[in-house]
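The listed protein sequences correspond, in order, to chains A and B. If you read the first sequence in full-length UniProt numbering, its first letter stands for residue 1, the second for the next number, and so on. If you read the second sequence in full-length UniProt numbering, its first letter stands for residue 1, the second for the next number, and so on.
The set of hints was computed from the structure by calculation and includes no laboratory data. Hints should not be assumed to be uniformly reliable.
Within a straight-line C-alpha distance of at most 20 Å, the following computed PhoX-like cross-link-like pairs (lysine-lysine) qualify [to be verified]: (1) A/K100 to A/K239; (2) B/K32 to A/K137; (3) A/K176 to B/K32.
Please read these numbers as outputs of a predicted model, since none were measured by experiment.
Protein chains: 2
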Amino acid sequence: MNFKEEMRNLTTLVDDYLVKYFDRLNREVPEKRLVESMSYSVMAGGKRIRPVLMLAVTKMLSGDPQEVMPFAAAIEMIHTYSLIHDDLPAMDNDDYRRGKLTNHKVFGEAMAILAGDALLNEAFSLLFEASANAGDKMEHWVKASCIIARAAGRDGMIAGQVIDMESEGTQVSATKLKTMHRKKTGALITASVIVPAVFLGLSEDKIKALTEYAENIGIAFQIRDDILDVEGTIEELGKPVGSDERNRKTTYVSLYGLDGAKEMLREVTRKAVESLDVFGERAWFLKEIAYYIAERRN
Amino acid sequence: MNFKEEMRNLTTLVDDYLVKYFDRLNREVPEKRLVESMSYSVMAGGKRIRPVLMLAVTKMLSGDPQEVMPFAAAIEMIHTYSLIHDDLPAMDNDDYRRGKLTNHKVFGEAMAILAGDALLNEAFSLLFEASANAGDKMEHWVKASCIIARAAGRDGMIAGQVIDMESEGTQVSATKLKTMHRKKTGALITASVIVPAVFLGLSEDKIKALTEYAENIGIAFQIRDDILDVEGTIEELGKPVGSDERNRKTTYVSLYGLDGAKEMLREVTRKAVESLDVFGERAWFLKEIAYYIAERRN
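Same shape as in the complex, but just chain A (with noise of 0.2 Å):
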């Protein structure tokens, strides 16, 4: 199997899980406008980079993906969550993302706040209900449930997002920016990457491979959105080029400049292929994942 063949396989098992999940809260759920403003925001295009990473985790460690699928889901979901609210007039107020109007753009700030606030919700009741129904496996749900709402959290996601957010206008040192990105996006992308592992109980040495590789692909991912809004065009992204320039945010670029950001993709990306050596030929995919965010054009 070939890597678009592989990635093409794991987006499908995402999207056609949250299609179906969002159907069912269609029928069952009274208030359909709330329902839609949810699933306009989860179906918008997204790459499910989170929900991938996890199903080739699964998939490298012989686990079954349909196993998973509901914490797939649930990442998906928190990536979403955090995306509408990011989007919000009084915090970055974007017009777009992906090429597609934001959910506020479309639904109103109203709904676009109680709507984040509810894939937020649904994604943690989901990881309870499976949890619930988890048989003699609870114990490793509820554990792996745990490093998802750390993830996300005071000293996660939304910590970066502070960070991010109090950072605005002003210089920041490199220091401060690696905090930042290891909070904001670093420690979903871990958490996806770790929470199979520890669901599936491997040993310590082989989780903390595993956190070095997802640690080094996440920044890898924020080096090469930063170079892409130096060097992507709009059609590409969906969104307006330049504006980290326009809006003086620090950037690896800002900071390194551009061939000093690309010499780090490329150091980043080896370390985060290296340290899947200890697995061996099944982890072809998950390197290949690798390039793949070094190189991506959006």
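Once you've looked at the hints, dock chain B against the given chain A.
Just chain B now, kept in the frame of chain A:
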């Protein structure tokens, strides 16, 4: 023991737990402003009705209040996040709550959105951690947590907020008003009463009796709110009175008149109290809470 004494005891238990909890967060989390914003609203003088109900039911059923404290704290955090988001300019646009500036007036809109998100996330994080450490009671914890998650989400509180938002400026039927309140405030109140019962393995018919109690005090709570908006004073309420009429909101008073609303309040309070007869004398405090809700001045 009299009602006031027991009320103070239980409120103090809740307050002490929350103070310690946020002290710990403040030590652990580097983003001090986030924790400050979260705890500002949690400590803003709420009546702690939901956690007190939870502890009261636990005591009536001879359970250990300390054991359910994580549930009690989680439900108060969820309630608080919903108030923070409800007060936002895009939602109700309120400057004051309980005589204090609302969260976004003190910390800004962006931080208020994130502090709300963080409180919701923290509540579930707390429940997952408590479940993970619950040993042979894990299944009870997970099952009870499911109830909270459902009550807070798209079938419960958030659905109620959506109905409220969509009803703005329109005449609402009595049925729709009841549905809205049943979800917006009733769901979390019912969860507060039911969670310890499920956790302690109470029989189905007694859970049914408690549910009837909870649903009726939930309605009573809202009717009293509507009456206070007409009869209360700004000093008692810590916010402007008469706002329902100014905003042309449909309320129990606008639908049934002041006397009609008072009659309904007596009726649902009577029902709430009667449904506890099956618990004998041990129900005295919960019965007193029903009267307290019907007679409170703020």
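Which of the listed hints are not met by the structure? Going through the list in order, the structure violates hint 2 alone and respects the others.
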